[in-house]
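Protein chains: 2
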Amino acid sequence: MSLLAVGTVAFDQIETPFGKRDRALGGSATYLTLAARFMADDINLVAVVGNDFPEEFVEVLRSRHINLDGLERRSDQKTFAWGGRYHYDLNNRDTLFTDLNVLSEFNPTLPAHYTNSRIVCLGNLDPSVQASVMDQADNPDLVLCDTMNFWIENTPDALRSLLGRIDCLVINDSEAREMADDPNLIVAARKIRAMGPKILIIKKGEHGALMFAGETVFSVPAYPLEDIQDPTGAGDAFMGGFAGYLSGCSEINLDALKHALVYGSVVASFTVEKFGPEGLYELSRPQIMQRIDAFRDLTTIPLDAIPNV
Amino acid sequence: MSLLAVGTVAFDQIETPFGKRDRALGGSATYLTLAARFMADDINLVAVVGNDFPEEFVEVLRSRHINLDGLERRSDQKTFAWGGRYHYDLNNRDTLFTDLNVLSEFNPTLPAHYTNSRIVCLGNLDPSVQASVMDQADNPDLVLCDTMNFWIENTPDALRSLLGRIDCLVINDSEAREMADDPNLIVAARKIRAMGPKILIIKKGEHGALMFAGETVFSVPAYPLEDIQDPTGAGDAFMGGFAGYLSGCSEINLDALKHALVYGSVVASFTVEKFGPEGLYELSRPQIMQRIDAFRDLTTIPLDAIPNV
Numbered sequence: 001m002s003l004l005a006v007g008t009v010a011f012d013q014i015e016t017p018f019g020k021r022d023r024a025l026g027g028s029a030t031y032l033t034l035a036a037r038f039m040a041d042d043i044n045l046v047a048v049v050g051n052d053f054p055e056e057f058v059e060v061l062r063s064r065h066i067n068l069d070g071l072e073r074r075s076d077q078k079t080f081a082w083g084g085r086y087h088y089d090l091n092n093r094d095t096l097f098t099d100l101n102v103l104s105e106f107n108p109t110l111p112a113h114y115t116n117s118r119i120v121c122l123g124n125l126d127p128s129v130q131a132s133v134m135d136q137a138d139n140p141d142l143v144l145c146d147t148m149n150f151w152i153e154n155t156p157d158a159l160r161s162l163l164g165r166i167d168c169l170v171i172n173d174s175e176a177r178e179m180a181d182d183p184n185l186i187v188a189a190r191k192i193r194a195m196g197p198k199i200l201i202i203k204k205g206e207h208g209a210l211m212f213a214g215e216t217v218f219s220v221p222a223y224p225l226e227d228i229q230d231p232t233g234a235g236d237a238f239m240g241g242f243a244g245y246l247s248g249c250s251e252i253n254l255d256a257l258k259h260a261l262v263y264g265s266v267v268a269s270f271t272v273e274k275f276g277p278e279g280l281y282e283l284s285r286p287q288i289m290q291r292i293d294a295f296r297d298l299t300t301i302p303l304d305a306i307p308n309v
Numbered sequence: 001m002s003l004l005a006v007g008t009v010a011f012d013q014i015e016t017p018f019g020k021r022d023r024a025l026g027g028s029a030t031y032l033t034l035a036a037r038f039m040a041d042d043i044n045l046v047a048v049v050g051n052d053f054p055e056e057f058v059e060v061l062r063s064r065h066i067n068l069d070g071l072e073r074r075s076d077q078k079t080f081a082w083g084g085r086y087h088y089d090l091n092n093r094d095t096l097f098t099d100l101n102v103l104s105e106f107n108p109t110l111p112a113h114y115t116n117s118r119i120v121c122l123g124n125l126d127p128s129v130q131a132s133v134m135d136q137a138d139n140p141d142l143v144l145c146d147t148m149n150f151w152i153e154n155t156p157d158a159l160r161s162l163l164g165r166i167d168c169l170v171i172n173d174s175e176a177r178e179m180a181d182d183p184n185l186i187v188a189a190r191k192i193r194a195m196g197p198k199i200l201i202i203k204k205g206e207h208g209a210l211m212f213a214g215e216t217v218f219s220v221p222a223y224p225l226e227d228i229q230d231p232t233g234a235g236d237a238f239m240g241g242f243a244g245y246l247s248g249c250s251e252i253n254l255d256a257l258k259h260a261l262v263y264g265s266v267v268a269s270f271t272v273e274k275f276g277p278e279g280l281y282e283l284s285r286p287q288i289m290q291r292i293d294a295f296r297d298l299t300t301i302p303l304d305a306i307p308n309v
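Note that the protein sequences, when read in sequence, are chains A and B.
Mapping to my numbering: the first sequence position 189 is 189, numbers consecutive.
Mapping to my numbering: the second sequence position 81 is 81, numbers consecutive.
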C-alpha cells in the first residue's frame with residue numbers, strides 16, 4: 001500500500017551528553033519516511049525546505065526510494081531549523097531555538113499521484129495544515145496523526161475538529177494527560193478516543209507504548225538499550241515504522257496493529273542508538289526481524305498454565 | 001514451600017485524592033503476607049507491634065492463615081505509625097510523619113519452626129536487621145530483599161554487604177538509578193547485579209516492572225486500571241505475590257520467575273483498587289487467574305510471523 005507522510009524536513013542542532021550535531025538532517029517527515037521505507041513500497045513525502053537546503057540531504061532520502069515530488073523548495077526563504085539540548089537522563093530536553101522560516105507559510109499542495117495514497121501520516125504540524133492535507137487525500141484507508149502540547153494549548157478547536165476526522169492518534173504520555181486533563185493514562189485514553197480517533201497510541205519513551213483499539217489495550221516495552229546516543233526523532237521513527245508496517249499488510253486488523261506497534265518500537269530503538277536519523281540510514285530488514293524476535297523474548301509470558309494451587 | 005516475611009506491621013494514615021484513612025492496618029509485612037497467601041501454604045510473619053495494636057488487626061492476619069508466632073508484642077511501646085499524602089497524579093506522595101516507636105529497637109529472634117523457611121522475604125528495614133534475619137535462616141532456597149533510598153544513602157556499607165548475600169533484589173526505578181548512580185535503567189541493572197543479586201526486579205509503578213535474571217530481561221506492564229484508590233503497599237503486595245507464587249512452585253526456574261512477576265503484578269493491581277490492604281482481604285484465586293489471562297491479552301505478540309516483505 002502507498003503511504004503519504006507530511007511533516008517537516010529540517011536542520012537540527014542536537015546536544016546530548018554523548019555528543020553534538022550542528023545543521024544535521026532532521027524533521028518529522030524525514031524520520032517518518034526513513035522509518036517507513038522498510039515495509040512500504042511507495043512512500044510519498046510532503047514537506048518544504050528553503051534555499052539553503054543541501055542536495056546531499058535530498059540525496060539521503062532519494063537514494064532510499066522516497067518519492068520527493070511533494071518536497072517543495074522555496075527559493076526566497078531558509079529551511080526550518082530547530083535546536084535542542086538533552087538533560088543527562090535523556091528524558092528531558094530544552095529547546096534552544098526554533099526558526100520556522102519556510103514553515104511559517106507552509107500550505108502544501110499534493111502532487112496528483114499522491115492523492116490516492118492509502119495510508120496518510122500527518123506528522124506534528126499546525127492542525128490546519130494537517131487538515132488541508134486530509135482534504136486533498138482521496139479517501140485513504142487509514143489516517144494517522146501526531147501533535148504536540150503547543151497545538152493542544154494554542155489551537156484546541158482546530159485540533160478537536162481534526163481529531164474527529166482521523167483514525168489513529170499517536171502522542172506521548174504527557175500530551176495525553178494534558179489533552180484529557182487527567183493524570184490516569186487509561187482514563188485519558190478513554191476521553192481522547194471519545195474525541196474521535198478509534199485507535200490511540202500513547203508513547204512513553206523508556207517505558208514503551210500503549211495502544212488502545214476497540215476493547216483492546218496492548219502494551220509494548222521499550223527495547224532495553226544500554227547505549228542511547230540521541231532520542232531525537234524516536235517518536236517519528238516509531239510512527240513511521242508503525243505506519244510503514246501497516247502499509248505492507250494486506251489487511252489492517254488487530255493482529256496487524258499489534259505487529260505494527262512492535263515494528264515501530266524496533267525501528268525507534270535503532271534510531272536512538274545513533275545521532276539524528278543516522279541509525280536509519282543503513283538499517284536492514286534482517287536486523288529489524290532479529291530485534292522483533294528479541295521483543296518476543298522480552299514480553300512473552302510462558303504458555304504453560306500458571307498453577308491454580 | 002514455606003515462606004518467611006519480615007517487615008513492618010503498622011498504623012497507616014493515608015490521604016489520596018479519593019479518600020482518607022486514619023490508623024489503618026499497614027506495614028510491609030502486612031502486605032507481603034496478605035499477598036503471598038494465595039499460593040504459599042505456610043507463611044511465617046516476623047514483625048513487632050506495640051501495646052496499642054488492636055486484636056482486630058491481628059485477627060485480619062490470623063484469619064487468613066498467616067503464622068503470627070513471629071509477631072512480637074512490646075507492652076512498653078507504641079506501634080510503628082506512618083502517614084502520607086498522595087499528589088493528584090498518585091505517582092508522588094509526601095510523608096506526613098514517621099513514628100518509629102517499637103521499630104527503633106526491633107531485633108527479631110526467629111521462632112524455631114521459622115528457621116527452615118525455604119523462601120525468605122526481607123521487607124524494607126534497616127539492612128542490619130535484614131542481615132540478622134538471614135543469619136537465623138537455615139540455608140533458604142531463595143532470599144528476596146527490598147530496600148529504600150534512606151538505607152541507600154545512610155547505611156551504604158551495611159546494604160552493600162547484604163546485597164552480596166541475597167538472591168533477588170526488588171526495588172523501584174528511582175532507587176535503582178540512585179543505587180547505581182546511572183539514569184539508564186539497563187545500565188543501572190547491570191551495575192546493581194554486579195553488587196551481588198543474581199535476580200533484579202525494578203518496579204516502575206504505572207509502567208509495570210522489569211526483571212533481570214541471567215541473560216534474560218523480562219518486562220510486564222501494569223494492569224490498566226481507570227480507578228486507582230490508593231497505591232500504598234502496592235510494591236510490597238507485588239513482592240509478596242511474586243515470592244508467594246514461587247513458594248507454590250516445585251522448581252524455581254526462568255519460567256517460574258516470569259509467571260511470578262505476572263502474578264505479583266496482578267496481586268498489586270487488586271491492592272491499589274482499594275484503600276490500604278483492603279483489596280487483598282476478600283481477593284480469590286479465580287479473580288487472580290482471570291486477571292492473569294487479561295495480562296496475556298495485554299502483552300502477547302500474535303504468533304504468526306511478521307512478514308519480511
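None of these hints come from the bench; they were simulated from the model.
It is possible that some hints are incorrect.
Computed beta-carbon distance windows for the label pairs [stated by the list, open to error]: (1) B/Asn139 - A/Asp89: 47 to 53 Å; (2) B/Pro17 - A/Met148: 24 to 30 Å; (3) A/Asp89 - B/Ala194: 17 to 23 Å; (4) B/Pro17 - A/Pro156: 22 to 28 Å.
No residue lacks a Cβ here, since even glycine has one placed at the ideal position from N, Cα and C.
**Request:** Output the numbers, in ascending order, of every earlier hint that fails for this structure.
**Result:** Hint 1 contradicted; others consistent.
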